[in-house]
Amino acid sequence: AQSVAQPEDQVNVAEGNPLTVKCTYSVSGNPYLFWYVQYPNRGLQFLLKYITGDNLVKGSYGFEAEFNKSQTSFHLKKPSALVSDSALYFCAVRPEWTRAGNTPLVFGKGTRLSVIA
Amino acid sequence: DGGITQSPKYLFRKEGQNVTLSCEQNLNHDAMYWYRQDPGQGLRLIYYSQIVNDFQKGDIAEGYSVSREKKESFPLTVTSAQKNPTAFYLCASRERGSYGYTFGSGTRLTVV
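Protein chains in written order, with the numbering used here: chain A, 1 to 117; chain B, 1 to 112.
If you're looking for bench data, these hints aren't it; they were derived computationally from the structure. For each residue, glycine too, the CB sits at the ideal point set by N, CA and C. A few of these clues could be false.
[To be verified] Simulated pairs of lysine to any residue, SDA-like, Cα-Cα distance not exceeding 25 angstroms:
| hint | chain 1 | residue 1 | chain 2 | residue 2 |
| --- | --- | --- | --- | --- |
| 1 | B | K57 | A | K77 |
| 2 | B | K9 | B | G97 |
| 3 | A | K77 | A | L88 |
| 4 | B | K70 | A | N102 |
| 5 | A | K22 | B | G100 |
| 6 | A | K22 | A | D85 |
[To be verified] Ranges between beta-carbon positions, derived for each pair:
| hint | chain 1 | residue 1 | chain 2 | residue 2 | range |
| --- | --- | --- | --- | --- | --- |
| 7 | B | I51 | A | N17 | 23 to 33 angstroms |
| 8 | A | L56 | B | N18 | 45 to 55 angstroms |
| 9 | A | T52 | B | S67 | 18 to 28 angstroms |
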C-alpha cells in the first residue's frame, strides 16, 4: 500500500528566505505525486504535480518541487517566502495506472508553514 | 462557474442522530471522494465512487454510508454508529483521465 510521510509538523521561515517542505513516499511502481495547500476552513487547492518527465516541477504561486526517485522524495520549495504563503501543505501520492483501476490519492498528515515578517 | 459545492458549511449533530452531508459538482467529473480531516492526522479516505451506482469503502468507512444515484451528487451520511464524528469533511472529484482532484470547501461537523 502507498504512504506519504511529511516529517515536519511545522516549518517556520522568515519572509524573503527560501523555504522547503519535505515529503517522502512509498508506492509500488512509478508514483504520481502532488502538492496541495489549504487555508483555514477551506478545501485543498492544487499547487503542482509530478507525473513523468523533468524531475523539477514548477507550479502555482512560485512553488516548485523536485522528484528524487532514489531518495523517494518530493520536497516542495520556494526561493523567497511570502507571509501570504502561510498555510497547511499536503503531499499526496498514488501509483500509476494499474489494471485494478484508479487508486485514490493518499495524503500525508500535512505541514503547517508559518512565514514571519 | 464550475466547481464542487458542499453544504452545509457548519453542521451540528446530537448524539444518536444520523446526518447527511451534501456534495454536488457541475464539472461533469466521473469520480468523487469523501475525506475526513482531523488535526494532525491529515486526510483519511472514507468512501469513493468512480461511476454512478458504484462506490468503494476507503480506510475509515465504518459508521458512514454513501450513495451515487446521479453523476453530479455524492452525499455522505454520518450514522449514529460513528463514535467520533466531529471533524472537517472534504469532498473531491476527478475527471476521467486526469490526475489531480478538485476539492469542495468542506463541512465542519460537530457533535453537541
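What are the numbers of the hints the structure violates, in ascending order? Those not satisfied are hints 1, 2, 7 and 9.
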